[in-house]
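2 protein chains.
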Amino acid sequence: MVEEPDSLNALLDQFKKISGHKLLVHGGGLTATVISEKLGIETKMEEGRRITDAETLEVVTMVYGGLINKRIVAALQARGMNAVGLTGADLNLITAHKRPVKDIDYGFVGDVDDVNVSELRLLIEENVVPVVAPLTHDRTGQLLNTNADTIAAELATELSNFYKVFLFFCFEKKGVLLNPDDENSVIYDLNLTQFNEYKTEGIISAGMIPKLENGFRAKMKGVQEILITNPENISTGRGTRLI
Amino acid sequence: MVEEPDSLNALLDQFKKISGHKLLVHGGGLTATVISEKLGIETKMEEGRRITDAETLEVVTMVYGGLINKRIVAALQARGMNAVGLTGADLNLITAHKRPVKDIDYGFVGDVDDVNVSELRLLIEENVVPVVAPLTHDRTGQLLNTNADTIAAELATELSNFYKVFLFFCFEKKGVLLNPDDENSVIYDLNLTQFNEYKTEGIISAGMIPKLENGFRAKMKGVQEILITNPENISTGRGTRLI
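In order, the protein sequence lines correspond to chains A and B.
For the first sequence, position 9 (counting from the first letter as 1) is numbered 9 according to my numbering, and the numbering increases by one without interruption.
For the second sequence, position 217 (counting from the first letter as 1) is numbered 217 according to my numbering, and the numbering increases by one without interruption.
Read the hints as simulated data drawn from the structure, not as lab findings.
Any given hint might turn out to be false.
To be verified - Rough simulated footprint, nothing fancy, chain A against chain B, three-plus residues with beta-carbon under 8 Å:
| no. | stretch |
| --- | --- |
| 1 | 62-73 |
| 2 | 87-95 |
| 3 | 121-133 |
Treat the numbers as computed from the prediction; the structure is a model and nothing was measured.
The beta-carbon is built from N, C-alpha and C at its ideal position, and this holds for glycine as well.
Given only the sequences and the hints, what does the whole structure look like? Please build it.
Written out as structure tokens, the structure reads:
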């Protein structure tokens with residue numbers, strides 16, 4: 001979504017319409033896979049998560065922290081939004097620890113420990129628009145690859161101590177679908193009980209589960225509203241609302 | 001210097017010793033050349049400057065803005081310095097225009113137009129340490145590759161409106177050498193007249209000339225002190241001082 005010029009431009013045009021302070025968290029997995037391939041580095045995924053060995057960490061640091069992040073920043077500046085690109089290492093925004101090895105060794109993947117928004121809030125109050133790449137650090141100099149949806153939920157949760165926060169998870173569909181082949185089967189309101197039922201019944205797809213789990217956790221911790229939708233519906237507010 | 005773990009660590013240990021507010025500008029050309037080669041992109045240089053076609057711009061955006069910048073940020077965080085990595089696009093820090101084509105088409109290379117430090121100063125006042133990658137933007141969404149020494153001089157000049165600024169150009173030598181083969185032939189004090197003489201006589205090497213020109217320009221515009229030295233002498237203040 002942020003990786004193709006056309007869809008990025010469409011997303012940022014919609015993003016511009018959001019009133020109030022705003023922050024964007026992005027991914028970049030498709031580009032990371034393409035660049036890895038060009039560099040002769042094999043991409044290994046496990047349950048939708050990237051196994052991040054030392055070489056792959058270099059790639060995601062380049063692609064998420066550099067290529068994608070700075071393209072978005074420049075494109076927001078062109079739209080009159082004063083963006084700043086950050087990773088979790090910048091301003092000590094998000095600390096994490098390397099995921100312990102159990103059945104799978106994810107490599108340099110970080111599970112979030114702490115979110116610090118004190119300097120971020122200063123920037124937000126100046127109408128700066130933070131653009132956050134899905135990387136964290138462990139305070140000993142190690143960067144870690146961290147899921148973008150998790151980062152979005154963690155930042156939203158921490159910021160909800162200071163602001164009324166609306167969290168939008170954007171993807172290519174209009175919302176969570178009852179039937180993945182039917183774009184019109186959007187579940188408009190979803191509560192935790194229903195989510196657990198749909199999950200048990202296998203109705204909600206594997207890729208959506210972490211997004212929704214992150215969403216429900218954020219909701220329970222004080223985020224005002226969580227919407228899962230496509231960029232076109234950011235401004236209409238239509239999509240799957242967690243209730 | 002910032003591209004090898006050992007020399008980066010040595011540099012940052014010295015950098016930590018500098019008292020007062022501080023800011024670091026880095027390059028990354030060697031790594032950009034290595035990554036370009038791995039990606040099958042030919043590196044073309046002209047008078048020490050990288051010809052930056054669209055593919056090369058992607059590489060330098062990844063390497064300068066991502067890989068090198070975020071490594072430095074994480075390494076500074078590990079040393080207790082609250083770093084933030086920036087390019088000229090972030091916070092609208094440095095705007096530039098694409099260099100006009102005369103004899104040589106440098107491609108996506110930017111010549112600086114304007115430096116805006118208003119948000120940067122807020123961060124500096126909070127003891128944040130900005131780490132700036134040599135990239136700028138043109139306000140229409142275009143990132144541009146810009147010489148790191150120029151960026152350092154431009155930032156120092158603008159910041160000298162608000163602070164007493166010491167500008168250190170760090171490289172592997174102890175200073176500007178009268179004889180490039182003799183490490184002990186450091187010119188300790190250098191004024192503009194001498195510089196022009198040495199330049200005419202071919203005593204000062206081609207690579208040093210832009211650094212010194214940037215330095216003298218910054219000095220004339222109000223930067224308090226300009227020193228050209230190696231990392232070990234940041235704290236001693238020894239090296240070539242522009243007078």
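Do the hints match the structure? See the list:
Under the rule that three or more residues need a Cβ within less than 8 Å of chain A, the assignment of the stretch 62-73 of chain B holds, with 10 such residues. Chain A is given as covering the stretch 87-95 of chain B, and this holds because 5 residues of the stretch bring a CB closer than 8 Å to a CB of that chain, at least three being needed. Only residues whose C-beta sits within less than 8 Å of a C-beta in chain A count toward coverage, and the stretch 121-133 of chain B has 4 of them, enough to reach three; the restraint holds.
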